[in-house]
Amino acid sequence: MSLTARVIFGPNPRRTAVRVLVLAGMSLITFNWVLLPIRTQGISMVPTYQSGKFTFVNRLAFAYGRPNRGDIVAIRLAGLHVVYVKRIIGLPGERVEIIEGQVHVNGKPMLERYVAADRRPWNYAEVTLTPTEYFVIGDNRSMRVSDHDFGRVERSRLVGRLLF
Amino acid sequence: MIGLAGFFGLRALYPNDERLINQRLFALRDDVNSGATETFSSVARAAQIGTFFTEDVVVDLGQGTAPIVGRETLMGMAARLEPRTTAFRLELDDVGARLAPDGRTADVSLTVSFVLRTVSTGGESVDAREFSLGMTKDGVWRIARVTAVDTLK
Numbered sequence: 289m290s291l292t293a294r295v296i297f298g299p300n301p302r303r304t305a306v307r308v309l310v311l312a313g314m315s316l317i318t319f320n321w322v323l324l325p326i327r328t329q330g331i332s333m334v335p336t337y338q339s340g341k342f343t344f345v346n347r348l349a350f351a352y353g354r355p356n357r358g359d360i361v362a363i364r365l366a367g368l369h370v371v372y373v374k375r376i377i378g379l380p381g382e383r384v385e386i387i388e389g390q391v392h393v394n395g396k397p398m399l400e401r402y403v404a405a406d407r408r409p410w411n412y413a414e415v416t417l418t419p420t421e422y423f424v425i426g427d428n429r430s431m432r433v434s435d436h437d438f439g440r441v442e443r444s445r446l447v448g449r450l451l452f
Numbered sequence: 108m109i110g111l112a113g114f115f116g117l118r119a120l121y122p123n124d125e126r127l128i129n130q131r132l133f134a135l136r137d138d139v140n141s142g143a144t145e146t147f148s149s150v151a152r153a154a155q156i157g158t159f160f161t162e163d164v165v166v167d168l169g170q171g172t173a174p175i176v177g178r179e180t181l182m183g184m185a186a187r188l189e190p191r192t193t194a195f196r197l198e199l200d201d202v203g204a205r206l207a208p209d210g211r212t213a214d215v216s217l218t219v220s221f222v223l224r225t226v227s228t229g230g231e232s233v234d235a236r237e238f239s240l241g242m243t244k245d246g247v248w249r250i251a252r253v254t255a256v257d258t259l260k
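Chains as they are written, first to last, in the working numbering: chain A, 289 to 452; chain B, 108 to 260.
Same shape as in the complex, but just chain A (with noise of 0.2 Å):
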């Protein structure tokens, strides 16, 4: 074997292919069922989330589990390629309102820490979530209401949480 195969292949080949076709099956199954890469764009998550930024969403975060206040989830529309990303500030059965910017969960208002103090008045009528919705928003609270997408969502439409 010449040295630049020896270099390739490893003084194994067969070993190095098993390898390869082992590495390449785990990164078959991570990327198509565990987790999906996204770059987002917009400034709906911003300040946690600049436009642009790179991470992975973990699918297998709410198979077992439940979504939280808090979770920051990828929201499918037709598929997988374009996803919404939103915080979830109301679960199922809940009741949601908010009130000159201030959110209002259960009559009683939120605190939201990661949301930057230039945030607008807006206001949005009270709705109770049925037991297969959460209502989700983004952090950007500094925009015109008519520019941001919020609102309830459907537990089957969340595809998991962000990792980072």
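Derived from the structure by calculation, the hints contain no laboratory data. Predicted model, so just to flag it, every value in this text is computed and none were measured. Don't be surprised by glycine CBs; every beta carbon is placed ideally from N, CA and C. Check before you lean on any hint, since a few could be wrong.
Claimed, not checked - Part of the chain A face toward chain B, derived, beta carbon under 8 Å:
no., residue
1, G367
2, F438
3, G439
Please arrange chain B on chain A, whose structure you already have, making use of the hints.
Frame of chain A; chain B shown alone:
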């Protein structure tokens, strides 16, 4: 290898309806996007875009807006919109077509991203929406219904 080549060759020569619907939608996307760069009269471009829709097409964008009914209305809107679209790009993702048993109609779900470029800064903002389309086949596949899906209600 020969079998595989034959399979892909036949698929390219005789695409099934799902592939035809995909091709049709991406052709529409290309026509919409081409207006931003090419010197093409806005009326001619609107007419070209109109060929992708049935005469009685209904476009329901939801969010309290009244539905747009008819190809002529849609073409008129497309012609008026043209000058504003110079920094505008349309992208389609996750196109999924389900053919009805009769083979003449299909339901299509897809995500449409409206990419707006700010001329002054060069930055881009993206607004993604999910849509449900109803398509019918009269020689070629045309869009008969467009409904915006409320992902977040």
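Evaluated hints:
1. The closest approach between the C-beta of G367 of chain A and any C-beta of chain B is roughly 3 Å, which is under the 8 Å cut-off, so the hint is satisfied.
2. The criterion of a C-beta within 8 Å of any C-beta in chain B is met by F438 of chain A, whose closest approach is roughly 6 Å, and the hint holds.
3. With 8 Å as the threshold, the beta carbon of G439 of chain A comes within range of chain B, its nearest partner Cβ sitting at about 4 Å, so the hint holds.
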